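Undergrad: Knowing the structure of chain A, use the given hints to seat chain B with the ligand on it.
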Amino acid sequence: MSVIYMDNAATSWPKPAETMAAINHYNDMIGGSPGRSGHRLSVDAGRCVIDAREALAELFGISNPLRIVFTGNATEALNIAIFGFLAAGDHVITSGMEHNSVMRPLRALEQQGVDVTVIPCSPRGEIDPGDVEKAIGAATRAIYLTHASNVTGTIMPIADVGAIAREKGIMFCVDAAQSAGAVPLDVEDMKIDFLAFTGHKSLFGPQGTGGFYVADGFAKNIRPIMMGGTGSRSESEEHPDFLPDKFEPGTVNGIGIAGLGAGVRFILDRGVDHIRNHEMGLTDMLILGLGEIPGVVVHGGRDARRQTTAVSFSIETVSPAAIALILDEEYQIMSRPGLQCAPAAHRTIGTFPVGTVRLSPGYFTSEDDIGRALSAIAAIAGRIVRL
Amino acid sequence: MNVSKSYMILLFDSTSATLLAEKVLKKEGIPIKIIPVPRHISSDCGVCIRVSPQDREKIEELLADVVDRAEICVL
Ligand SMILES: Cc1ncc(COP(=O)(O)O)c(C=O)c1O
Numbered sequence: 189m190s191v192i193y194m195d196n197a198a199t200s201w202p203k204p205a206e207t208m209a210a211i212n213h214y215n216d217m218i219g220g221s222p223g224r225s226g227h228r229l230s231v232d233a234g235r236c237v238i239d240a241r242e243a244l245a246e247l248f249g250i251s252n253p254l255r256i257v258f259t260g261n262a263t264e265a266l267n268i269a270i271f272g273f274l275a276a277g278d279h280v281i282t283s284g285m286e287h288n289s290v291m292r293p294l295r296a297l298e299q300q301g302v303d304v305t306v307i308p309c310s311p312r313g314e315i316d317p318g319d320v321e322k323a324i325g326a327a328t329r330a331i332y333l334t335h336a337s338n339v340t341g342t343i344m345p346i347a348d349v350g351a352i353a354r355e356k357g358i359m360f361c362v363d364a365a366q367s368a369g370a371v372p373l374d375v376e377d378m379k380i381d382f383l384a385f386t387g388h389k390s391l392f393g394p395q396g397t398g399g400f401y402v403a404d405g406f407a408k409n410i411r412p413i414m415m416g417g418t419g420s421r422s423e424s425e426e427h428p429d430f431l432p433d434k435f436e437p438g439t440v441n442g443i444g445i446a447g448l449g450a451g452v453r454f455i456l457d458r459g460v461d462h463i464r465n466h467e468m469g470l471t472d473m474l475i476l477g478l479g480e481i482p483g484v485v486v487h488g489g490r491d492a493r494r495q496t497t498a499v500s501f502s503i504e505t506v507s508p509a510a511i512a513l514i515l516d517e518e519y520q521i522m523s524r525p526g527l528q529c530a531p532a533a534h535r536t537i538g539t540f541p542v543g544t545v546r547l548s549p550g551y552f553t554s555e556d557d558i559g560r561a562l563s564a565i566a567a568i569a570g571r572i573v574r575l
Numbered sequence: 003m004n005v006s007k008s009y010m011i012l013l014f015d016s017t018s019a020t021l022l023a024e025k026v027l028k029k030e031g032i033p034i035k036i037i038p039v040p041r042h043i044s045s046d047c048g049v050c051i052r053v054s055p056q057d058r059e060k061i062e063e064l065l066a067d068v069v070d071r072a073e074i075c076v077l
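Line by line, the protein sequences give chains A and B.
According to the working numbering, the first sequence is numbered sequentially starting from 189.
According to the working numbering, the second sequence is numbered sequentially starting from 3.
The shape of chain B in the complex, shown without the other chains:
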């Protein structure tokens, strides 16, 4: 089994966009976790979504129409 230890972080403009994306991804059964934005990525006080890199394609497709801007960081 390919257990990937790396994470992918989805960053959005606003908390509103983050939580809307959370709803969309949850509805599709994609495992996600809301976490505070890691300090080394941004000094912002907000939250971001932690996902698994293997879901990347599906996530990009699902969010394309939902939010204007999303940044993806692989950790």
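Isolated chain A, as found in the complex:
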């Protein structure tokens, strides 16, 4: 029996053939240092990188592709948005559904005098934008909010919070690690000032790619957390202040970005709406099917229209790790047990510290795969009930 991969919220697999073709082409035919030397292989490498910037700008409704900065992943982008922007005395707002890539940097800064308000979310993982508005004070400089939870898939009301932040003139930073490519996103409509994305999930790029968009008004107020060579202004020992070079010291992951660009083109060719509809159908089937299995508890909003494909469930009295191990060893089904790097979200939904089993189908998952997963989980739950 073939493997059923249901861990796309951790990293998408398989990647589209287009992604792998772009990576192989880069390796075989290009391979120079992007933006460094003037020879044709270096220029061609640079062209791959600019193509990827353009594709991402198109996907997110950004008019200037030079406002896209590449990093190694979403975590690095979020660290720039947090450590590069905040100072002692600042107040910031975040939610009770965040990933540790937001929570840990904020908790570290809390020790250094940054005031952090965590807006509690409902046990279904939902935030009330009114609570965000009420928490804003004179010292509030930024709101850090995930677009979609990696535990329950819950999609946050980004446009509503964006409107509130814009009105108050504070930076709105969105963690789109789970949503970019899978859920429609437009930085203008949603009034997003800083959008952190990762390349290896729903954008169909390889691991080690990611980045961010930053709005004109905020780019100058964010300090780079690393400095170095950029291939530009080499005569100067002062780090450049223009995008993207300000935040891209060191050689970028050219081969990975070539793959990411092809992954994003794959999405643009099909349309995010088409991908979203397909994934919603799979998620709906998964949520409904799990709900019918005696002994299984499905967490979160349990509504495919309001979440991504990430579905968390528990079987009472069995540890998530044990379920995941049986799914892997006996049924060839890949899932993710535990806290999924988001202890805050598990506290919110009441599953801390045990965690859940998370299944996350993807664009390449079939209804047949969902059916097989449901039968496997029904068999495991049945075994427990009989014990």
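Quick caveat, the hints were computed from the structure, so don't treat them as lab data.
Just so it is clear, the structure is predicted and the values come from calculations on it, not from any experiment.
Ideal placement from N, C-alpha and C gives every residue a C-beta, glycine not left out.
A few of these clues could be false.
[As the list claims (entries may be wrong)] When the alpha-carbon atoms are kept at most 30 angstroms apart in a straight line, the in silico DSBU-like pairs for lysine-lysine are as follows:
id, chain 1, residue 1, chain 2, residue 2
1, A, Lys-379, B, Lys-25
2, A, Lys-408, A, Lys-379
3, B, Lys-29, B, Lys-60
4, A, Lys-379, A, Lys-322
5, B, Lys-60, A, Lys-379
6, B, Lys-60, B, Lys-28
[Claimed, not checked] Stretches of chain A that chain B covers, calculated by requiring three or more beta carbons in the stretch to come under 8 angstroms of a beta carbon on chain B:
id, stretch
7, 233 to 247
8, 360 to 368
9, 410 to 422
[Claimed, not checked] Distance windows between CB atoms, simulated:
id, chain 1, residue 1, chain 2, residue 2, range
10, A, Ala-276, B, Cys-75, 42 to 48 angstroms
11, A, Met-208, B, Ile-37, 31 to 37 angstroms
12, A, Gln-299, B, Ser-54, 55 to 61 angstroms
TA: Just chain B with the ligand, lined up with the frame of chain A:
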């Protein structure tokens, strides 16, 4: 025919901006060539765009919204 032997060089902040400008100009069918920045203009290790001076107006118009800063040198 007025065959101009002089060149015009477009210099940008970064390679990213240079290659974005290249895409925009190519799309409009303007003849261009990416070349290393000539040593007597800058000691930078990057590339620039060589164009014909007769396209200057059109180029300036096309790039106005695309890149923040561009320097033009006529050689
Ligand atoms: C909501 C969320 N934010 C941030 C990240 C971090 O992404 P990366 O590991 O690519 O930096 C992840 C995934 O791991 C995530 O699910």
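Undergrad: Compare the structure with each hint and give your call.
TA: The hints, checked one at a time:
1. Lys-379(A) with Lys-25(B): 28 angstroms, holds
2. Lys-408(A) with Lys-379(A): Since the Cα atoms of Lys-408(A) and Lys-379(A) sit roughly 18 angstroms apart, the hinted pair holds (cutoff 30 angstroms).
3. Lys-29(B) with Lys-60(B): 13 angstroms, holds
4. Lys-379(A) with Lys-322(A): Holds. Lys-379(A) to Lys-322(A) sits at ~19 angstroms (cutoff 30 angstroms).
5. Lys-60(B) with Lys-379(A): 33 angstroms, violated
6. Lys-60(B) with Lys-28(B): Holds - the C-alpha atoms of Lys-28(B) and Lys-60(B) are around 12 angstroms apart, at most 30 angstroms.
7. 233 to 247: Three-residue rule met by the stretch 233 to 247 of chain A, so holds; n is 6.
8. 360 to 368: violated (count 0)
9. 410 to 422: Since 5 is at least three, the answer is holds.
10. Ala-276(A) with Cys-75(B): 42 to 48 angstroms: 46 angstroms, holds
11. Met-208(A) with Ile-37(B): 31 to 37 angstroms: At 33 angstroms between Cβs, range holds.
12. Gln-299(A) with Ser-54(B): 55 to 61 angstroms: 60 angstroms, holds
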